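Peer 1: Single-letter residue listing:
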Amino acid sequence: MSGSVLFDAPGPSAIRRSRILSIVFAVVAVVSLALAAYQLWLGGAFYQDRWDIFLQPATWIGARGLLVGLGTTLSIAGIAAAGALVLGVILSILRNALSPWVRIPVTVVLEFFRGMPVLLMMLFIFIVFSTGAYWAVVWALIVYNGAIIGEALRAGMKSLPKGQRESGLAIGLTPLRTTLAIELPQAFRIMLPIILAQFIVLLKDTSLGYIVGSPELIRIGRQLVDFYDRQGGPYALSMFFVMLAIYLAINLTLSWLVRVLARRLQRPRRGGGNLDGSATEAIQLPTQTIRQLQDPQAEITRIRGAGVGDGGGG
Amino acid sequence: MQALLENGPLWLQGMLATLLLTGATTLIGLPIGILLAGMRVSPVAALRVVATVWTEVARNTPLTLVFFFTAFVLPKLGIILDFQIGAILALTYYTSAFFAEAVRSGINSVPMGQAEASRSIGLGFGQTMTLVVLPQAFRSVLPPLINVIIALVKNTSVAMGFFVFVLVSVAQRLSNVYGDQALEIFVGIAFSYLLITVPLGQLVDHLERKWSVQR
Numbered sequence: 001m002s003g004s005v006l007f008d009a010p011g012p013s014a015i016r017r018s019r020i021l022s023i024v025f026a027v028v029a030v031v032s033l034a035l036a037a038y039q040l041w042l043g044g045a046f047y048q049d050r051w052d053i054f055l056q057p058a059t060w061i062g063a064r065g066l067l068v069g070l071g072t073t074l075s076i077a078g079i080a081a082a083g084a085l086v087l088g089v090i091l092s093i094l095r096n097a098l099s100p101w102v103r104i105p106v107t108v109v110l111e112f113f114r115g116m117p118v119l120l121m122m123l124f125i126f127i128v129f130s131t132g133a134y135w136a137v138v139w140a141l142i143v144y145n146g147a148i149i150g151e152a153l154r155a156g157m158k159s160l161p162k163g164q165r166e167s168g169l170a171i172g173l174t175p176l177r178t179t180l181a182i183e184l185p186q187a188f189r190i191m192l193p194i195i196l197a198q199f200i201v202l203l204k205d206t207s208l209g210y211i212v213g214s215p216e217l218i219r220i221g222r223q224l225v226d227f228y229d230r231q232g233g234p235y236a237l238s239m240f241f242v243m244l245a246i247y248l249a250i251n252l253t254l255s256w257l258v259r260v261l262a263r264r265l266q267r268p269r270r271g272g273g274n275l276d277g278s279a280t281e282a283i284q285l286p287t288q289t290i291r292q293l294q295d296p297q298a299e300i301t302r303i304r305g306a307g308v309g310d311g312g313g314g
Numbered sequence: 001m002q003a004l005l006e007n008g009p010l011w012l013q014g015m016l017a018t019l020l021l022t023g024a025t026t027l028i029g030l031p032i033g034i035l036l037a038g039m040r041v042s043p044v045a046a047l048r049v050v051a052t053v054w055t056e057v058a059r060n061t062p063l064t065l066v067f068f069f070t071a072f073v074l075p076k077l078g079i080i081l082d083f084q085i086g087a088i089l090a091l092t093y094y095t096s097a098f099f100a101e102a103v104r105s106g107i108n109s110v111p112m113g114q115a116e117a118s119r120s121i122g123l124g125f126g127q128t129m130t131l132v133v134l135p136q137a138f139r140s141v142l143p144p145l146i147n148v149i150i151a152l153v154k155n156t157s158v159a160m161g162f163f164v165f166v167l168v169s170v171a172q173r174l175s176n177v178y179g180d181q182a183l184e185i186f187v188g189i190a191f192s193y194l195l196i197t198v199p200l201g202q203l204v205d206h207l208e209r210k211w212s213v214q215r
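Quick note, the sequences are listed as chains G and D, same order.
1 is the number of the first residue of the first sequence in this note's numbering; add one for each residue after it.
1 is the number of the first residue of the second sequence in this note's numbering; add one for each residue after it.
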């Protein structure tokens with residue numbers, strides 16, 4: 001926290017004051033949570049008949065069970081992530097193309113794709129190409145996230161020292177091979193946290209499939225709630241908490257991984273070394289890029305630039 | 001294009017609904033976001049914990065699930081809201097976390113040396129904050145804040161799945177009627193979104209160029 005330098009080191013009375021404030025606020029927070037829980041309890045939210053479906057195997061592994069929905073969610077995310085990565089690499093090369101006849105149309109199309117909601121693209125693919133909901137979601141996520149990853153890779157390549165490209169050209173590589181063999185691998189390494197953070201956004205966005213009608217987690221949950229409601233049990237609240245727990249478990253694990261990775265990437269690379277045996281220095285990145293690495297998910301807005309902000313739908 | 005042109009009022013209705021959701025969410029969500037960011041840098045531990053939990057949970061929950069809560073769970077708890085109000089509620093909760101992160105990263109982007117320098121020439125806490133840190137923080141906060149609003153414009157589309165009529169709904173409804181013109185309809189609606197987001201993006205570029213602090 002930058003706070004320490006903003007004011008004098010707190011003396012005993014200031015420390016006491018902030019500790020008292022802290023305790024008061026904690027009590028207020030806990031009491032209001034408890035009150036909310038009490039209200040729910042009065043409403044019967046904790047009765048067994050609001051939770052018993054989760055003990056039945058059919059809720060989880062049936063043909064229309066939550067695990068099937070989770071499987072759909074994860075498989076959409078997996079296929080789309082792989083596709084977006086491939087597309088991103090291709091797009092980052094095309095946007096760096098020397099010929100303006102390639103570069104400019106690609107740029108315009110990308111800006112167009114990044115500026116519209118993913119949901120609109122899903123609906124479009126669903127209605128015009130009639131691929132079925134599953135593939136409509138997959139394709140829309142590939143195109144949208146491919147555009148963003150392409151942009152991230154391009155930014156990564158731009159942040160490399162000029163000598164990296166020059167050395168490739170100097171030893172006689174073509175511009176394309178210089179990009180493939182020298183610039184892209186380094187850009188990928190630099191941008192890995194950002195790309196992973198984008199995969200979290202992608203995973204959240206798979207839930208837009210709910211609206212198009214793909215049988216992903218939230219749609220399955222909704223169907224289960226509707227089904228049991230007809231038999232007289234209100235399960236909406238408990239279902240919400242179960243789905244929330246599933247998403248949080250996956251996404252928080254992923255964001256933790258991103259943070260660990262970002263921290264590791266800031267250290268100089270091991271195993272390298274100069275000819276005289278001393279360690280190589282880490283590539284000096286512009287402050288902007290370093291900030292992105294420190295908080296990839298929050299800073300991803302910057303990379304996406306105009307037309308795209310943080311946190312897609314989902 | 002025929003279909004869109006013939007249905008001008010419908011398009012306008014979608015456009016206004018999207019702008020309304022965006023405006024209302026920004027008006028309510030931005031103060032909450034600033035409050036959360038303030039809590040996260042405060043010396044009071046309990047405030048920090050609450051703000052951190054709020055932002056982490058909100059950022060890692062799919063927006064669709066938040067909408068699920070306002071549209072299907074709240075009525076079961078006896079809280080029956082207009083769908084549009086529910087949408088504003090869902091978007092506000094979700095977006096406040098992103099506002100908070102944008103503000104916080106702006107505050108953190110002011111280098112320690114700036115505060116150290118102002119302390120060393122004898123400025124107090126109030127002067128350090130108001131004369132040195134906050135002006136610089138404001139400059140680097142505004143572009144990411146606008147980026148969050150741009151994302152918000154696109155996120156309003158999720159409300160379509162929860163009974164609110166927005167711009168994407170226009171595309172869906174018209175393409176059901178004029179199936180042969182689906183391509184034009186979708187391109188038209190996509191451009192309608194760009195009509196809102198591109199000027200905002202230009203503003204971000206402009207501010208970044210004009211305001212970027214040389215370091």
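Calculated from the structure, these hints are not laboratory results.
Every value quoted in this text rests on a predicted model; they were computed, and no experiment measured them.
Honestly, I wouldn't trust all of these hints.
Sample of chain D residues with no beta-carbon within 10 Å of chain G, all distances over it, derived [stated by the list, open to error]:
1) Pro-31
2) Ile-32
3) Val-49
4) Ile-85
5) Pro-135
6) Gly-161
7) Ile-189
8) Leu-194
Covered stretches of chain D (chain G as the covering partner; in silico rule of three or more C-beta atoms under 8 Å from a C-beta of chain G) [to be verified]:
9) 58-68
10) 163-176
A short list of chain G residues far from chain D (calculated; beta carbon distances all over 10 Å) [claimed, not checked]:
11) Arg-16
12) Trp-60
13) Gly-78
14) Leu-87
15) Arg-95
16) Gly-115
17) Ala-181
18) Pro-215
Glycine residues also receive a C-beta, built at the ideal position from the N, C-alpha and C atoms.
Peer 1: Now tell me if each hint is right for this structure.
Peer 2: Tested hints:
{"no.": "1", "hint": "Pro-31", "in the structure": "holds, 18 Å"}
{"no.": "2", "hint": "Ile-32", "in the structure": "holds, 15 Å"}
{"no.": "3", "hint": "Val-49", "in the structure": "violated, 8 Å"}
{"no.": "4", "hint": "Ile-85", "in the structure": "holds, 18 Å"}
{"no.": "5", "hint": "Pro-135", "in the structure": "holds, 14 Å"}
{"no.": "6", "hint": "Gly-161", "in the structure": "violated, 3 Å"}
{"no.": "7", "hint": "Ile-189", "in the structure": "violated, 6 Å"}
{"no.": "8", "hint": "Leu-194", "in the structure": "violated, 5 Å"}
{"no.": "9", "hint": "58-68", "in the structure": "holds (count 8)"}
{"no.": "10", "hint": "163-176", "in the structure": "holds (count 4)"}
{"no.": "11", "hint": "Arg-16", "in the structure": "holds, 12 Å"}
{"no.": "12", "hint": "Trp-60", "in the structure": "holds, 18 Å"}
{"no.": "13", "hint": "Gly-78", "in the structure": "holds, 17 Å"}
{"no.": "14", "hint": "Leu-87", "in the structure": "holds, 19 Å"}
{"no.": "15", "hint": "Arg-95", "in the structure": "holds, 17 Å"}
{"no.": "16", "hint": "Gly-115", "in the structure": "violated, 5 Å"}
{"no.": "17", "hint": "Ala-181", "in the structure": "holds, 33 Å"}
{"no.": "18", "hint": "Pro-215", "in the structure": "holds, 14 Å"}
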